[in-house]
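Put the two chains together into one complex; each comes in its own frame, and the hints tell you how they fit.
Chains P and G, in that order, give the protein sequences. According to our numbering, the residues represented by the first sequence are 21 to 589, in order. According to our numbering, the residues represented by the second sequence are 380 to 459, in order.
Hints are computed from structural coordinates only; laboratory data are not their basis. Quick caveat, the model's predicted, so the values are computed rather than measured. Please note that a few of the clues may not be correct.
[Said to hold, decoys possible] Only part of the chain G face toward chain P is listed, based on derived beta-carbon distances under 7 angstroms: (1) Thr390; (2) Cys392; (3) Leu398; (4) Asp402; (5) Tyr414; (6) Cys424; (7) Val450.
[Said to hold, decoys possible] BS3-like mimics (lysine-lysine), calculated; alpha carbons at most 30 angstroms apart, straight line: (8) P:Lys139 with P:Lys347; (9) P:Lys139 with P:Lys32; (10) P:Lys32 with P:Lys442; (11) G:Lys388 with P:Lys178; (12) P:Lys32 with P:Lys432; (13) P:Lys212 with P:Lys560; (14) G:Lys388 with P:Lys451; (15) P:Lys111 with P:Lys442; (16) P:Lys347 with G:Lys388; (17) P:Lys114 with P:Lys574; (18) P:Lys485 with P:Lys432; (19) G:Lys412 with P:Lys347.
Glycine included, C-beta positions come from ideal geometry on N, C-alpha and C.
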Amino acid sequence: MANLEELGEVIKTDVLVIGGGLSGLWAANSARDFVENVLIVDKGPPMGYAGEGYFSGGNIQALPPGEDVDEYVKDVISLGDGLYEQDLLEKIFKQSWDRIEDFRGMGVEFEEEEDGTLKYIAQRGLKHNACYIGKPSGAGGRDMMLGLAREAKRLGVKYLSRVYITDLIKQDDAVVGAVGFNIRDGQFYILKAKTVILATGGCSFRGGYEDTHMCYGEGIELAFNAGAELFNLEFVTMWIIPTKFRWEGVTFLLPLGAVFVNEQGDSFMEKYSPIFKSNCDYNFIARAMAIEAKQGRYPFYLDCSGMKPADKELMTPAEGWTALMYKQLLEAGIRPFEERQEWTATPWTNSFVHSDHEMRTIVPGLFVAGVLRNVDPGIYFGGWSICKTAAFGRWAGESAGNYVKSRSMLAKINERQIRELKQATYTPLGKIGIDPEEVLRELQSAIFPVLILKNEENLSRALKKVEVMKNETLPRAGAPDLHRLAKLKGIGSMVLVAELILRASLMRTESRASHYREDYPDRDDKNWLKWIMANQRDGKLSFRFEPVPLAKYKHKTWRCYSDNFNFLK
Amino acid sequence: MITEINSAKCTGCGICVDLCNMDVLRLDTSNGKAYIAYHEDCMTCFECALSCPEGAVEVSFVPEFTPPSIVFPQGGKNNG
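If we strip away everything but chain G, and leave its shape as in the complex, we get (with noise of 0.2 angstroms):
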């Protein structure tokens, strides 16, 4: 999941915001920066991460959240 995008080392340029799959990132008209907009959205593609000129925006491994298991049954150990 995305974890942070640090708003010093953001320019703004909007590039992660365009390439969100998920359209979790949006550009602040305020301050005119990347923020998470949408964070429950994130599917860890790490693609905003990747595509940040400068290198301010941190993704995790770990997922955002974990769906309700199928396969172990309800009340035993989760898959979280």
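Bound conformation, chain P alone (with noise of 0.2 angstroms):
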């Protein structure tokens, strides 16, 4: 295909990651076991050091050996007020531990006890959790991204960096490959694989959480177009950080004693959760900070000073950016474990594709890995992230390595097709327009409002915005520059991603786990126990439901963690 080579960079693999962060690591890693040939893509820096794993503190939940597998899966369930697929949970915990072993094979470290088994602490009150914790205390993630980056190139898992992929490529309903730009020196890349697997992370809204802010959600939008479908939208999750400066770790402040308090020094989560008060999922905090803040009372402070010293000590940052900044702290005044902080609420790494148990998604030869796959309504808790990236990265990377089996040769690829997708990618560039950043400052003052306390009234207001958003801001916006182009089709993917949101927000008339609707603040199990799922069909957006299926679950009934809350008061 003589024409293919002329239109750009024409690259030939088995499998191709997106994304090369923790999850497109362990996929590589895990696919090199039944194909020669693994590409990975990213939009970012060198193999190591991309994606938001990196920055984390490299805490990572797990089944403790000896333990009931089937406690820590009730527990998750009750934070989820039901909402879930309770055997990918008990999947995903029966092989927890064996990732931690991996890692430390890696030369990853964890905090340990006197007696040298590893020290866990349970997240978000609940009674059956273990979140693992990284060490040295603020850089276990980088250690974790290095240890699997040395693996991969052990195994000649192959990189090209600062792509930025802008479509997959179909072939008779399969995907067989991707298209995308350098984002430096503008080169255009045709990627052709047997299958391809999708490991971009999700979507921030680049609000205030900054480990967050290479996830614009472009892997939502690509699965979305080809076809697979995507879950949970109503479902955002909160995050809470402080409002001067950054912070990693506060999972573990919580349950160590640190409280939120209000201007008055009064613990305000009480009033709102006697039983958990402030160490309880972050979106039940934003809540209640959104609810103080509407009747005038406002800011909130984090206040450490409930806190054991040996357990300040022990989340004292040690290494890497967390350390650096730390020290920068201490030289300006700012003492977070002995003064208070001031806090807030911000849109944390949102992602809602859908796949099966073998990540498989419903469109032949895309497979889904990551925080990309969505399991959750919203809640989160401490090591999750990590624990779900290494497991759902290993099992994409042997189901799609299995998949090649069946597919001996690459498919034929259009070349008409790519000269289309090459044309639109490349059309926005040199165009005087908006610039992309003030686009997504529009995006973010459209929808910030109204993702914690939601009604009809505000959902309404809010998906008109980002509608003329799509229809006629986006395509005004102008790329000046390589750089520019690929943000502005990042903040494309945010605007489809709120535009989701919204109108899955709207459908849900109930309040569930992080879905809270002002004028139905009820929890509904009779209508209500069921997954809202979206794609895309024929270009239509298209809705249905799927109800939880709980004839053939193991557990029918569960505790509901939203009912250890009350807002209306």
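Structure (structure tokens):
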């Protein structure tokens, strides 16, 4: 196909992994057990340095040896008010300890108890929950990434950095590759693959939690455009952050005694949940903050004075970026463990792609790994992402590897299709128009005020704004250079994700897990123990409902976490 | 946010440009030194400061830009 080569650089591979973060590396390494050629493509830096996991503390959820998996699964089901694939949770927990052993084999360290067993801290006030603690404090994610990258290099995994993927290529309904461009030299790439694994993380709308700033949601758009199903769109996950600096590891500060207080020093969370107080899921903290603020009571502070000295020491950043930042804070007279600091809420990285439990989407040849595969109705607990990225990455690599066995040849790619995609990709380049940063801020202003306290009126209003952005603002935006061209594409993904979140939020006329409707504040198990599934058919958005298959599940009843909160007082 | 690349110290080795997740940094082809090309996209990850062999990069813990508040009511005290 000489013509194809005239359009851009053509690279052939068995398995193409889009995204070089934790799950992408797990997926690539796992796929190498089955196939010779595995290529990772990432819009960011070289192997080992891409994605949000690098900046995390490296804390990981796992089922402690000898513990009953059912108890751990049941506590997570309660956290999500029952809206869970129970068998998937069990599958994740059952292999979780092995991933800790894998990481230790790569030289990654975890905090230990005096007797040499690994130390863990239960999350969100749950009884059966174990988040193991990355070591050194504040740099565990870096060590995990570099360990996985060493393994990938040993296995001969290939890597293409700074290439932004704009479209998946389909042939006869199957995904057979992807196209994109280098954000520095503009080179167009045509990546021909027998199968594609999406491992791009979620969408943070570039909120205040800066670890997630590279999470533009492009993988959600790629999956959606290819025909994959999305779900749990109405369940956005909120995060809590300091307003004046960055922080990693609040997930341990709360169970170790840190509390949220208002200006007067009152622990306002006690009013909303006498049982959990501040040690609860962040979405409930964000909701309490929003309600307090609406009544004029803000700002909010995190007070660590109740923590034991040994715990403060354990949580003091020891290495990497957190340690450098901590040193600066002390130099500036900011002492996070000694004086209360102002905190607020922000969207975390959210994703909504659905797959089966072997990570297959409904689109042949398209697999999904990492946090891009949604599991939770918005709730979160420390270490869960790193646990899921390891599980899903390995499973996706294995499934994609097996899929390749049935595809002996690379598909022939339609040259005209590639030509059209290329033309569309570069259309905004050099165009005079609205700056992508301006579009981003407009989007944030439209949706941030309606993500926590939702009602029909504010959701509809935000949806109208987002539709205007999609139909009028985005087409008028310009990209003076390649960097901004990639950014504009990413913001296009964000706009799509925002629209889908708002539409699904309008549909769910109840409150459950992270989804809170002021006009429907109660949980409605009779009508809403079901998922809203969305996908694109013949270019049109379509929704369907999928009931939670309780008849086939092990756990018929559960406690509901949200029963421990009252937001109506 | 990144505040400065000291051009007297910068040797143009390109490590910071290579490692930046957000593509904030580029090499100036005229003088061979790194510069801040897209300040607004800095995620305050400190990777450039940590990786610079010459200590030429300064990053401050103060965030570059504060997104619109998700919690505080409009017109109220922002989180900046």
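Results of checking the hints against the structure:
1. Checking Thr390 of chain G against chain P by beta carbon gives a least distance of about 19 angstroms; that is not within 7 angstroms, so the hint is violated.
2. Interface restraint check for Cys392 of chain G: the shortest CB-CB distance to chain P comes to about 14 angstroms, outside 7 angstroms, so the restraint is violated.
3. At its closest, the beta carbon of Leu398 of chain G sits 5 angstroms from a beta carbon of chain P; the interface hint therefore holds under the 7 angstroms criterion.
4. This hint holds: Asp402 of chain G has a C-beta 6 angstroms from the nearest C-beta of chain P, less than the 7 angstroms allowed.
5. Checking Tyr414 of chain G against chain P by beta carbon gives a least distance of about 13 angstroms; that is not within 7 angstroms, so the hint is violated.
6. Evaluation of the Cys424 of chain G hint against chain P yields a held restraint, the C-beta minimum of about 6 angstroms falling below 7 angstroms.
7. A hinted interface residue such as Val450 of chain G counts as satisfied when its beta carbon comes closer than 7 angstroms to some beta carbon of chain P; here the least separation is about 5 angstroms, so the hint holds.
8. A hinted pair counts as satisfied when its Cα atoms are at most 30 angstroms apart, and Lys139 of chain P with Lys347 of chain P qualifies at roughly 26 angstroms.
9. Distance hint between Lys139 of chain P and Lys32 of chain P is unfulfilled; the C-alpha atoms sit about 45 angstroms from each other, more than 30 angstroms.
10. For the suggested pair Lys32 of chain P and Lys442 of chain P, the alpha carbons sit about 18 angstroms apart, so the restraint of at most 30 angstroms is met.
11. Of the supplied pair hints, the one linking Lys388 of chain G and Lys178 of chain P is violated, its CA atoms being roughly 34 angstroms apart against a limit of 30 angstroms.
12. With a CA separation close to 12 angstroms, the supplied pair Lys32 of chain P and Lys432 of chain P stays within the 30 angstroms bound.
13. Only pairs whose Cα atoms come within 30 angstroms are accepted, and Lys212 of chain P paired with Lys560 of chain P is accepted, the gap being roughly 27 angstroms.
14. Of the supplied pair hints, the one linking Lys388 of chain G and Lys451 of chain P is violated, its CA atoms being roughly 37 angstroms apart against a limit of 30 angstroms.
15. A distance of roughly 41 angstroms separates the Cα atoms of Lys111 of chain P and Lys442 of chain P; the hinted pair therefore is violated under the 30 angstroms criterion.
16. At roughly 22 angstroms between alpha-carbon atoms, Lys347 of chain P and Lys388 of chain G fall within 30 angstroms of each other, so this suggested pair holds.
17. This hinted pair checks out: Lys114 of chain P and Lys574 of chain P have alpha carbons roughly 15 angstroms apart, not beyond 30 angstroms.
18. For the suggested pair Lys485 of chain P and Lys432 of chain P, the alpha carbons sit about 42 angstroms apart, so the restraint of at most 30 angstroms is broken.
19. Of the pairs offered as hints, the one joining Lys412 of chain G and Lys347 of chain P holds, with about 28 angstroms between alpha carbons and a cut-off of 30 angstroms not exceeded.
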